[in-house]
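K.L.:
Below, each chain spelled out in residue letters.
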Amino acid sequence: MKVYTFSPGGIHPPQQKNTAGTPVIPVSTPDTIVLPLDQHIGRTAEPVVSRGETVGAGQLIARVADGISAAIHTPLSGTVTEIGMKRNYSGIPVRSVTIRVEEGQSVEDVGMPMADIGHATAAEIVAAASAAGLVGLGGAAFPTAFKIHVPEDNAIDTVVINGAECEPVLTCDDALMCGHPGEVVAGARLVMKATGANKAIIGVEDNKPEAIAHLRESAAPYAGSVTVAVLKAKYPQGGERQLVQALTGRIITPGKLPMSVGVVVQNVATARALYRAVAFGEPLTKRIVTVAGAGIARPADYLVPVGMSISALLQQAGADMERIDKLVAGGPMMGHAIETVDAPVTKALSAVVAFSGQEAYRRPMDPCVRCGRCVDVCPNALEPYLIATCGKLGRVDDAARAGAMMCMECGSCSYVCPSSRPITDMIRVAKYLIRKSLK
Amino acid sequence: MKTFVISQAPHIHSPNTTAGAMRHVVIALLPALAVGLWWFGVSAAVVVASAALSCLAFEWAISRFMMGRKVSFFAWAPLVTGLLLGMNLPAGLPVWTVVIGSLIAIGIGKMAFGGLGCNIFNPALVGRVFLLLSFPALMTSWPLAGEGRLSLADAATGATPLMLAKQGMIPDRAMILDELAGSVGGSLGEVGAIAILIGLAYLLVVRVITWHIPVSVILSVGVMSWLTGGNPLFDVVSGGVLLGAVFMATDYATSPMTRRGQLIYGVMIGVITIIIRRWGVYPEGVSFAILVMNGATPLINRYVRPRRQVERRCA
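First to last, the protein sequences are chains V and L.
No gaps in the numbering here: position 207 of the first sequence is 207 in our numbering, and each next residue is one more.
No gaps in the numbering here: position 260 of the second sequence is 260 in our numbering, and each next residue is one more.
Hints were generated in silico from the structure; no laboratory data involved.
Note that the structure is predicted; figures quoted are calculated from it, not measured.
Keep in mind that the hints are not guaranteed to be accurate.
Unchecked claim - The calculated SDA-like cross-link candidates involving lysine to any residue, where the alpha carbons are at most 25 Å apart (straight line), are:
id, chain 1, residue 1, chain 2, residue 2
1, V, K193, V, K232
2, V, K431, L, R305
3, V, K232, L, I276
4, V, K431, L, P306
5, V, K193, V, K256
6, L, K2, V, S225
7, L, K70, V, K232
8, V, K17, L, P306
9, V, K392, L, R308
10, V, K193, V, M85
11, L, K2, V, G318
12, V, K431, V, M405
13, V, K199, V, H149
14, V, K392, V, V429
15, L, K70, V, M405
16, V, K439, V, S420
17, V, K232, L, H13
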């Protein structure tokens, strides 16, 4: 069996995917939900409800703003109690709609027989993605309708569906691929149709044999157009550039989009949500969130309505808040530290990972011994130590010449540094200084 | 309200540390050290111990009093420097000479540049070459292996195989076998090729170094020796080639960052070594070759960059 991978660079952090193979647990219904109006890259959505209004499950709450944006729907029915600023998990106030949830509802994935999607045209698929408020569920939250709407002069021939899930701890995509392989494959075919591609490759790391088997079975009827490819478990295999290189051999210039080499990449969960949107007009209001780590009594993949507070989710997972010193939204390699748990789950929140004690803190930093590990592992063939030093010294031109802007901040350099130097942080500083100097 | 630790990604870290890497180097030196002590006895132990201790002491004193840093007395990096320096000196060298060498190694070779990671030249080699140029007589009276192991008295000294080769001797098979086992004259770290290769295997297994530098140095010495009409095997196993290739040239701070750069660096060390051995005044050239290439390392880092990937539409 051929196992695909990228080069150069990459690291092998301990996988810690302890929740793999466990059933997805629907959370019990929260009593309030808060729907931030900018859960995506682009413009804040515009609310279409008013205070005191009664809303039904799946109803549109905020519509797409001009430019790049995504619609927001309510997962549960209830009453709008407030439209105003609420802090997101990073502690930043964001315009949000608060809804008091009506009692007697449950959160569950309604199983549906596979619908025929053969008749959907490209325009209909893009419209359905927009109407359902789809965003990239891998973490970037880029509005899907804009990603699959291909400009005339860009010929797309290949769709890559990202099931790599190369981040340690995370199993939400694994659970989704095992639970809904047919819907993922159907979603892949819809992305093909929308972009005019003639083939789709679903890439899954070899540490998820069950997902691969399920997907292969579902893709069997579409042999020749939809293939399931096995990827080597290596971080950052799921990075867009790395994934496209591994599966198609095409090299994307860092900083450019996969579109430039005729490829569109979608996460498996996005593909599945696209299928649900096209087949049933179902808006994106729920997602699978991995809750795991230190002090979590019931680590699992939870099915969570968007808008539920992270503290309520942690409570259901049996989190011992006394023990937990640090929480990360997303994977431990690229996720964001959570500032407050009194903030809602968003569409792109893949996981909440808890850390306790020493592991919540960084090791003290030693001098750089110029061992070259960071150069070895950089998947974009950069010299992280050099960019970091330029950033630290404020040498903007040198940092730019060393390719700072090509860094995707995967964190591999910081991970391997034996002197525990915050290389990725220093590169972020360099990038910030470069952006500032260009203004 | 509960407050959480906030930091930028990544939130996990590899368990490897710089101190851990240095500790592995010390462990890898042990077989060669043991062979050296077996052949040269107590006087060698005195040299190594005084080098190690004085390197630790100088590192601590300079950091503490001249650079104003808070440091603990023990650190693995100066211990590596001390052991390497000690193993590069002839057994029976007076202790005061060893202490001067350590001061130059740590003080001039390392701390003057800013300490760990900032030095351009391998500190142990700076110390060794300083002693070689300052005290040539003391530094070239190599005790014969197996003589006077248990006494501190002056052991019989004699020419090293490389000195003999310089004088026109043609190395034979017996001599190469002696080199492998270590029963030849030389500095205690230079004898015992097999023990050094065990150290190399260990360093490769624990991934402290990669094969690039040691293999390129050794192959380059072999090929250059063959091209200049020497005995390649003798040139590789004699003198400091193996110790240098495995423990000195691979020093992180003074070797290039990229793998391709390391290959160029390794090959050039081999070339310069053989040029010195054939046409230079000294019988041995590894120390000089490594120091010269240490100096060339910033240049290599500047011109040998990782290959940038350019856009490619098809495989």
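K.L.:
So, for every hint listed, does it hold in this structure?
P.N.:
Status of the hints after comparison with the structure:
no. : hint            : verdict
1   : V:K193 - V:K232 : violated, 28 Å
2   : V:K431 - L:R305 : holds, 20 Å
3   : V:K232 - L:I276 : violated, 48 Å
4   : V:K431 - L:P306 : holds, 20 Å
5   : V:K193 - V:K256 : holds, 23 Å
6   : L:K2 - V:S225   : violated, 52 Å
7   : L:K70 - V:K232  : violated, 45 Å
8   : V:K17 - L:P306  : violated, 33 Å
9   : V:K392 - L:R308 : holds, 23 Å
10  : V:K193 - V:M85  : violated, 39 Å
11  : L:K2 - V:G318   : holds, 17 Å
12  : V:K431 - V:M405 : holds, 6 Å
13  : V:K199 - V:H149 : holds, 17 Å
14  : V:K392 - V:V429 : holds, 7 Å
15  : L:K70 - V:M405  : violated, 37 Å
16  : V:K439 - V:S420 : violated, 33 Å
17  : V:K232 - L:H13  : holds, 21 Å
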